[in-house]
Amino acid sequence: MKKLITALLFFPVLILTAQTGSLKGKIISYQNDPIPGVSVVITGSQTGTATLSDGTFEIKNLPYGRYAVEVSVIGYAKRKLSVDLNAGTKPVTVILTEETIQSEQIIVSAGKYEQRVQDLPVSTAILQPEVISRRNYLTFDDALRFVPGIAVNLEQVSIRGSNGYSKGVGARVLVAVNGIPIYSGDTGDIVWELIPVIDIARVEIIKGPASSLYGSTAIGGVINIITRSAVKNPVTHFRSYFGTYDKPAYDIWKWNNNLRTFYGMELTHANSSGSLSYTFSVKKFDNMSYRENDYARRNLAYLKLNYEFSLKNYLTFFADFLNMDRGNFLYWKDSRNALVPKDEDNGNRVKSNRLFTGLIFHHTVSDKITAEFKSSFYHTKFDGYGIELTTSTADLLRNELLANFDLSNSFVLTTGLESSYSKIKSNIFKNPDFFGAGAYAQGEWKISPAASLTLGLRYDYMKLDTLKSANAAAPKAGLNYKITKDLIARASFGTGFRAPTPSEVFTTAGVGGGIDVKSNPDLKAETSVSFELGTIYNYSDDLFFDAAFYQSDYREFIEPVLTSDAKIQFVNLSRARIQGFELNTNWNLIPGELKFTAGYNYMWARDLDNHIAMKYRPLNSFTAQIDFSPGQFDFGIDFRYSSKVEQIDFTLTQFPINLVIDGSKRVPVYVTDFSAGYNFFLGGAPAKIYLNAKNIFNYNYVEFIGNIAPIRNYSVSVEVFF
Amino acid sequence: MKNLLAAAALLASLIIITGCNKGIEPEPERVVPPGETGFSGKITFEGSWPPGVTRTHLFVFKNAIQSAADFSFLNLSAVIDPVPYGSTQFNYDSIEMNYIEHAFLPEFKIQPGEHRYVIVAQSNNPEISFARGDWVIVGVYCIGGDQSKPRSLICNEGSITAGVDINVNFNNPPPQPPL
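Listed in order, the protein sequences are those of chains A and B. Quick note: the first sequence uses this note's numbering, first residue 149, plus one each step. Quick note: the second sequence uses this note's numbering, first residue 60, plus one each step.
None of these hints come from the bench; they were simulated from the model. Hints are not guaranteed to be accurate.
Just a few of them, taken from the derived set where beta-carbon distance is under 10 Å, the chain B residues facing chain A [as the list claims (entries may be wrong)]: (1) A65; (2) K81; (3) T103; (4) Y200; (5) G217; (6) A221; (7) N226.
Backbone N, C-alpha and C fix where the C-beta goes; we use that ideal spot for every residue, glycine too.
When you get a sec, could you build the whole thing from the sequences and use the hints?
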């Protein structure tokens, strides 16, 4: 009887607990695209399902209650979420972030066609755009500071020591958008903000000379920004951030009582109609800076159109307009006034406008042959307001015809023709014009199931205004050998060259700070001979190592020096050598949740004639990043170190010129950043909010003499996709 | 768990390494005897020197020159030794190069506090004078390179204020105070 009473008492409870429902939802990417085939599993059970082609899923007959759910699929970071299932539970939407196994990633920059990273004979790195919004990097080059082997001195990027610092002039790293170079026609400088972050699919980095495919500017490597393919569903993205700089580490450095702030807004809309798809973006950025006369204001408009004539033929057109106004902070006054410019430079500013247009027509000739025609026009104009007005207008037109022949399962041939012409009108670079033309061919043979051989050659002709024309041939050879499935060896050998830019040859102006630049019409093209030996080791799907030894020998290396009459002049160093060792690892400590990335680079860069180190190149550098993503949260800690640089422009900092007081002060770099984020839904729209603290220990260092790097700053950013 | 501990240990090491060091520090303040103060800096000259100039000095006044009467000894804080004709750059130090102290009044020294008008002026008169009409202002210690916005010189007791730099552009003279 007692048993019966007990059973009757508990009967309603059993009925309640036995109530069941369906857990429904949809899995999408941050671009609002549905992701099919995603595994959705109740943690600790066999219960689960996979998403359909529209990204939806349903797990039926689940008793009401609280569930931990794991969402995972190859190519995306795993997500865990907690769901209360009851009669009122609505379908859940989960957003996944792209993440692939390092060696499985696809790259197009190394051979100008799609290749897996593990099949390449050269060192590469891939930067995902999510890291830029997660970390709220104000400019794109800030993200590059954490890529092993890359150094950024102020805004100038160097891959494995290719560049020191020369105010953006004469880059040795080719930066491109979808393979189209975006360096300006006069100084050859790069503006990183040309492409909105949301339209970046990934950034591919080739570490080491790539002149045999890309020509002159790629002597140190390539950074290729790949934009997203056409969208199928309409998506609008809004991102805004606001931040402020902390007080300087020393009271004596405080030069202003106002809060020094920075903010930005970016609105992007993408959609398609029939065969036409488009992406339109506007962006505004305003940074008061932590230093006097160092403000930066930028406005950007971006348009990308894709038109599919057929599955075999499509056209991509993109255009950018960028307007900039910034203060021109050259050197500090002295170390007691480290955030204030020299009086004579105070008030100097630069205004510039840039218009960049690119056109890519892709034609699939047959299953074996594809061709692309790429054309770009880049108009740049800047006016520098200082003691005297400096002005330059440059127009650069580039064309490239590229063909890929997949001749058999074991041989791919890539060939191309390129031409470029630029015309400059300037009161500091004279009015030179430049013409260049190149032809290249690169073949990749799969000589056995485990080995592939790459051979390439490029020939270039260059004519810079009245200077004697120059020719260069850049051969290359590479070998990739898979010792086992998880252990891969690679080797490459090649030559590179770089023609001097008009600004290196013809500049005759004051750059401020009481220093003048002197032209050098005798400047010759520099050449290099490089090799690399490297290996990839996949210990498991979650632990990856990449190691490389590299060396580049340069002839006629172009560097700015201070002449005996106290003027800066670009000259040819006879011989220079950069050699080093790089080790990178990527470790998913808890797959999908906790990831550790680290890289170390030892680099020995010497001017062999004068037996001294090359300027602004650290001997040791190390980066480490920890990403922790429990549930809807994201946390990240980034650390970077580089040793104190041995050589700088001492002539600017010492007797008798002593242009930059206390300018010899430099230290090793230790910078630690912290970020925390939360992913949520705002009125049904996926959204995320991030808090970032940069340089959390307020460590003071310089990347160039008399220029304190950004002090501690905090920012909050919000992104919404709708 | 071991992985987590390893990550935590690494993180802690990084914090310890970086948290103890502030990096670049300002040079220590140059100390002068108690009660005294001073300033130093550099004057740079651009363009051609005007003919007939016999004197070029850096003057420090307590207040801006609102009228010719303000160009007086009563408003004066310091005068630096003469700049040689034709100079392109002139480094100075108010303690070493105190013109009034050395030439006229041994007890004349700049006082701690705010001095609102620092200029470089030239005269065709071989003798030093306080007649406003004798002097042409050719450079002003200013904010943001705008010579119409004079920058105050702050002198603290027991230290030297460094970096009081003035740019003189003979092709672009500053606004002249009333004569």
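Right, here's what the structure says about each hint:
1. Below 10 Å, beta-carbon pairs count as interface contacts, and A65 (chain B) has one with chain A at about 8 Å; its hint therefore holds.
2. For K81 (chain B), the interface hint holds, the least distance from its beta-carbon to any beta-carbon of chain A being 5 Å, beneath 10 Å.
3. The beta carbon of T103 (chain B) is positioned within 10 Å of a beta carbon in chain A (closest approach about 6 Å), and the interface hint is therefore held.
4. Annotation: Y200 (chain B) was flagged as interfacial toward chain A, and the flag holds, the nearest CB pair being 7 Å apart, inside 10 Å.
5. Interface hint at G217 (chain B): violated, since its Cβ lies 14 Å from the closest Cβ of chain A, which is beyond the 10 Å cut-off.
6. Checking A221 (chain B) against chain A: minimum C-beta separation of about 6 Å stays under 10 Å; hint holds.
7. The beta carbon of N226 (chain B) comes within 4 Å of a beta carbon in chain A, closer than 10 Å, and the hint placing it at the interface holds.
In this structure, the one hint that does not hold is number 5.
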